[in-house]
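Asker: Could you put together the complete structure from these sequences and hints?
Counting from 0, one number per residue, gives the positions in the sequence shown under numbering that gives the first Met the number 0.
Just so you know, the hints here were simulated from the structure itself, not pulled from any lab data.
Check each hint, because a few of them may be wrong.
Claimed, not checked - Taking lysine-lysine and the DSS-like style, the derived pairs with C-alpha atoms no more than 27 Å apart in a straight line are:
hint : residue 1 : residue 2
1    : LYS78     : LYS369
2    : LYS310    : LYS329
3    : LYS73     : LYS58
4    : LYS78     : LYS58
Bear in mind the structure is a predicted one, so any value in this text is a computation, not a measurement.
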Amino acid sequence: MPPRLGPSGLPSHIRRTLCRPYSSGRGIREHDVIILRQRGDREPKIHLSPPLRPDTPIKLAYGASVNASDIIGKTFSDKVVDSVGRDVRFLEASLAQYIANSPRVATPIYPQDANLIVSFLDLNLPTPGEDPHFDAGPPVEIFEAGTGMGALTLYLARAIHGANPPVPPRLRDALCTAPYERNNLPRKVTTDDDDDHEAPGYDTSPHALDFAEQPELAALHAGHAASRRAILHTLDVNPTSSRMAHGLVRHFRRGMYLPDVDFHVRTIRSYLSSRLSRNGGRPFLAHAILDLPASQEHADVAVEALQPGGKLVVFYPSISQILEFVVWAKDADQPLALDRVVELQTSTSGGGGDAGGFRDGTGGRNWEVKVVNVRKAIRQGQTGAAARGLVCRPKVGTLVVGGGFVAVFSRLPRQAASAAGDGDGVAAAAAAEPALETAASSDEDASAPSEEDASARL
0 MPPRLGPSGL PSHIRRTLCR PYSSGRGIRE HDVIILRQRG DREPKIHLSP
50 PLRPDTPIKL AYGASVNASD IIGKTFSDKV VDSVGRDVRF LEASLAQYIA
100 NSPRVATPIY PQDANLIVSF LDLNLPTPGE DPHFDAGPPV EIFEAGTGMG
150 ALTLYLARAI HGANPPVPPR LRDALCTAPY ERNNLPRKVT TDDDDDHEAP
200 GYDTSPHALD FAEQPELAAL HAGHAASRRA ILHTLDVNPT SSRMAHGLVR
250 HFRRGMYLPD VDFHVRTIRS YLSSRLSRNG GRPFLAHAIL DLPASQEHAD
300 VAVEALQPGG KLVVFYPSIS QILEFVVWAK DADQPLALDR VVELQTSTSG
350 GGGDAGGFRD GTGGRNWEVK VVNVRKAIRQ GQTGAAARGL VCRPKVGTLV
400 VGGGFVAVFS RLPRQAASAA GDGDGVAAAA AAEPALETAA SSDEDASAPS
450 EEDASARL
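Answerer: Following this line, the structure appears as structure tokens:
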């Protein structure tokens, strides 16, 4: 006889408490960042909270505020009343909402674009203990040049997070509260001329947390760092933006992804050259992403550090910059195969109307769909469906975000690139992957290749 099912579709012997949605049943804790939905005159006002700390007021609209102590310990199905008597409900902030509404000192790669870029890397890393061969090998290392705000950093960290062992609860709490070590952060933008890679703290830990008074936590932190199976290295020459990006990663979900990321305040050449030197010249990067002006001026050392089969992703605002990079790769005879060039679509991101400037950050074109009361019908005494109207239209006054171009290359072995032809650079990659490079041709004939030529390459 089949088990009797309850209203939720689960067997009736399963307690309802086990069927409660995760977000509504989870308690709000200190250092969480959440969405506050304040009741408004016509539409709710929506705010992204700072990290919640006891006895700290949070400013809202209408001159109101709410104390964080009144929020900590509540669940997402609860509500509080602000200082002027308006209801305030709680929502869990998605990664896109968190990024789109956080303070910034640099233009971010917007969430919908970051999602697409991460998908190009096709990261499928096993969890610890799932694949003994993976666990026995060196960690997967991904390199991001141009940390900026830290938006792409968070998306990359989320993609590799499952490959690393869990963070001990004590260490997770300490990541939210520990102060920064002093004198580790450069005081100015670094260059190749003044970047001293031997300086203590400048190499791998410009934002190191101070566990000096808690040696057990320091040991936990060091042990977890040594056991990681996937590491994201993110680099920026600007110490101010790097520190803010570190804070962005640190405050999302109480530092959930912070242990997966190593921040560097250095130049690309100084960092990768020193790593290659220590590694005996052997490549060590699984993938690399370059998001900075004139990437071709720094890409040679990134290509050298990239393992065969790894992806090199470059992001530019204009297609002409992508073309310059492709020309550089060909002229410099780089062992790269051009996989694809993609235009990132623009989208709307909220921020208009009565939402208080809150941006959803999910991409696409936002529409306004709602049921409203028809004042004339109400004045005439009508009720129900006769007194209601429907609004269905694209939102106006919203922020248009995103756009740009992304080129994705595959790293070829040097031998394959050399044997591919007449030193044709990126075009040489077509011999190894002809379907990916159909636009390359000889200098004498810029027209599309004939069917016979295509058959010969195949």
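Asker: Is the hinted pair LYS78 and LYS58 satisfied, with a Cα-Cα distance of at most 27 Å?
Answerer: 16 Å, holds
Asker: With a cut-off of 27 Å on the C-alpha distance, tell me whether LYS73 and LYS58 pass.
Answerer: 19 Å, holds
Asker: So if I understand the rule, the pair passes when the alpha-carbon distance is 27 Å or less; does LYS78 with LYS369 pass?
Answerer: The given pair, whose Cα atoms are some 23 Å apart, holds under the 27 Å limit.
Asker: Starting from LYS310, check that the Cα of LYS329 is at most 27 Å away, please.
Answerer: 17 Å, holds
Violation of the numbered hints given earlier is absent; every hint is satisfied by the structure.
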